[in-house]
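Please construct the entire structure, taking both the sequences and the accompanying hints into account.
Sequential numbering from 1 applies to the sequence shown in our numbering.
No lab work stands behind these hints: they were computed from the structure. Be careful, since some hints might not be right.
Unchecked claim - Distance ranges between label pairs, derived from CB positions:
(1) Asp124 to Pro57: 30 to 38 Å
(2) Pro18 to Asn98: 15 to 23 Å
(3) Lys310 to Glu105: 44 to 52 Å
(4) Thr243 to Lys296: 17 to 25 Å
Claimed, not checked - No farther apart than 25 Å at their CA atoms in a straight line, the calculated lysine-lysine pairs in the DSS-like style are these:
(5) Lys311 to Lys301
(6) Lys270 to Lys296
(7) Lys19 to Lys123
(8) Lys270 to Lys311
(9) Lys12 to Lys144
(10) Lys12 to Lys270
(11) Lys283 to Lys301
(12) Lys104 to Lys12
(13) Lys301 to Lys123
(14) Lys283 to Lys126
(15) Lys323 to Lys127
(16) Lys302 to Lys283
(17) Lys19 to Lys104
(18) Lys283 to Lys311
(19) Lys59 to Lys19
(20) Lys59 to Lys12
(21) Lys144 to Lys126
(22) Lys283 to Lys310
(23) Lys311 to Lys127
(24) Lys144 to Lys127
(25) Lys323 to Lys270
(26) Lys302 to Lys323
(27) Lys270 to Lys302
(28) Lys301 to Lys323
(29) Lys296 to Lys144
(30) Lys323 to Lys296
(31) Lys19 to Lys144
(32) Lys123 to Lys323
(33) Lys283 to Lys296
(34) Lys311 to Lys323
(35) Lys301 to Lys270
Cβ atoms here follow ideal geometry from the backbone N, Cα and C, with glycine treated the same way.
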Amino acid sequence: MPTFSLIVPIYKIEAYLPKCIDSVLAQTCQDYELLLVDDGSPDGCGAICDDYAQRYPDKIRAVHQPNGGAGAARNHGVALSTGDYLLFIDGDDYLSANFLADLKETIRATPADLILYGAEVEKDGKKVGELHELVAPGRLLEVKDEPGLFFGVMAPWNRAYRRELFTEYDISFATKVWYEDIRVVTKILAVAETAIRLPGCYYHYLQREGSAMNNKNSERNVEILYAYDDILGWYREHGYYETYRDAIEFQAIQHLWLAATVRVLLIDRKHHLIADFRAYMEKNFPRFRENPYLDKLDGNKKLAFRLIDKKRYRTVRLLFRLKNKLG
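Now the structure itself:
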């Protein structure tokens, strides 16, 4: 069995998909299987998958399913996987050539449940930033002692997962929803025991206008409330809530009180969801204004926190529009 199962959900990305696949084939470590899950894509993605699978039958499997969203495609890949570790790759992104080799070397030395790594952010062919987890690199971490793991990148693609974290705990991605990533990653953090962070950037994340977080459909941001309903319900059901209460509350401050509020504000300053987000926080996290991790917010986010709390929405909107304009 391979060490790594790489799972790629694929939908309407035919212009980017070959580069993604080629970056896997170019890995200096070849101890992997690549599962290309065509999520009913109406363009040429299905044919691209079949072509690569035919040319590299020992490495690549092409899987076709009716459209069910990225979550359903990832779940299908997990069900078919045989590797010790799972990696999720978006089909418009790509990997550095030494990625799997460095991962395997780390696993040999320190077989953690989660191995985290950085990402370079690219837009219009240029590097515009980096994404890293908020924990120290190169040291085996006990997840329960590292609340910072809840405060970093809540995407499925910046970590390798021991496969049993999904299969033994029956964790799966929600389908055809926004914010499916934060649901899964937050649950995985409750069941994982150990983690280690690699210091480098190995994943290349492409920012595109068509992504969900750049979508101008303000109403769909209500789904972050459904995501936190799911997270809170799951944590309470499985007995993790009291242990991680402060960490989840601070995560909600980041993603709901700040990010989702600003996202809606930039579309419509008078949208009802802004009040809905406030009401949700006050009902489900009544002490969030005294959260012990608030000092971890940078200066800009601390300012946004206070302005949103005072309902200074016009000022928040102007500040973030200016920030986005200046890049």
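Comparing the hints with the structure gives:
1. Asp124 to Pro57: 30 to 38 Å: holds (36 Å)
2. Pro18 to Asn98: 15 to 23 Å: The hinted range 15 to 23 Å holds for Pro18 and Asn98, with Cβ atoms some 21 Å apart.
3. Lys310 to Glu105: 44 to 52 Å: Hint holds: Cβ distance 50 Å, inside 44 to 52 Å.
4. Thr243 to Lys296: 17 to 25 Å: holds (19 Å)
5. Lys311 to Lys301: Cα-Cα ~15 Å, so holds.
6. Lys270 to Lys296: violated (29 Å)
7. Lys19 to Lys123: holds (15 Å)
8. Lys270 to Lys311: Judged against 25 Å, a Cα distance of about 11 Å means the pair holds.
9. Lys12 to Lys144: Measuring from Cα to Cα gives roughly 39 Å; hence the hint is violated.
10. Lys12 to Lys270: violated (33 Å)
11. Lys283 to Lys301: Distance of about 22 Å is within 25 Å: holds.
12. Lys104 to Lys12: Since the Cα atoms of Lys104 and Lys12 sit roughly 32 Å apart, the hinted pair is violated (cutoff 25 Å).
13. Lys301 to Lys123: holds (23 Å)
14. Lys283 to Lys126: violated (43 Å)
15. Lys323 to Lys127: Between Lys323 and Lys127 the Cα gap is close to 18 Å, so the pair holds against 25 Å.
16. Lys302 to Lys283: holds (21 Å)
17. Lys19 to Lys104: At roughly 23 Å apart (the allowed maximum being 25 Å), Lys104 and Lys19 satisfy the hint.
18. Lys283 to Lys311: holds (18 Å)
19. Lys59 to Lys19: holds (16 Å)
20. Lys59 to Lys12: Status holds; Cα separation ~23 Å.
21. Lys144 to Lys126: It is violated: about 37 Å lies between the C-alpha atoms, which goes past 25 Å.
22. Lys283 to Lys310: holds (18 Å)
23. Lys311 to Lys127: violated (35 Å)
24. Lys144 to Lys127: Status violated; Cα separation ~34 Å.
25. Lys323 to Lys270: holds (21 Å)
26. Lys302 to Lys323: holds (15 Å)
27. Lys270 to Lys302: holds (22 Å)
28. Lys301 to Lys323: Given that 25 Å is the threshold and the Cα spacing comes to 12 Å, the pair holds.
29. Lys296 to Lys144: Status holds; Cα separation ~18 Å.
30. Lys323 to Lys296: holds (21 Å)
31. Lys19 to Lys144: violated (38 Å)
32. Lys123 to Lys323: holds (17 Å)
33. Lys283 to Lys296: holds (23 Å)
34. Lys311 to Lys323: Holds, at roughly 19 Å.
35. Lys301 to Lys270: holds (21 Å)
Checked against the numbered hints given earlier, the structure breaks hints 6, 9, 10, 12, 14, 21, 23, 24, 31 and satisfies all the rest.
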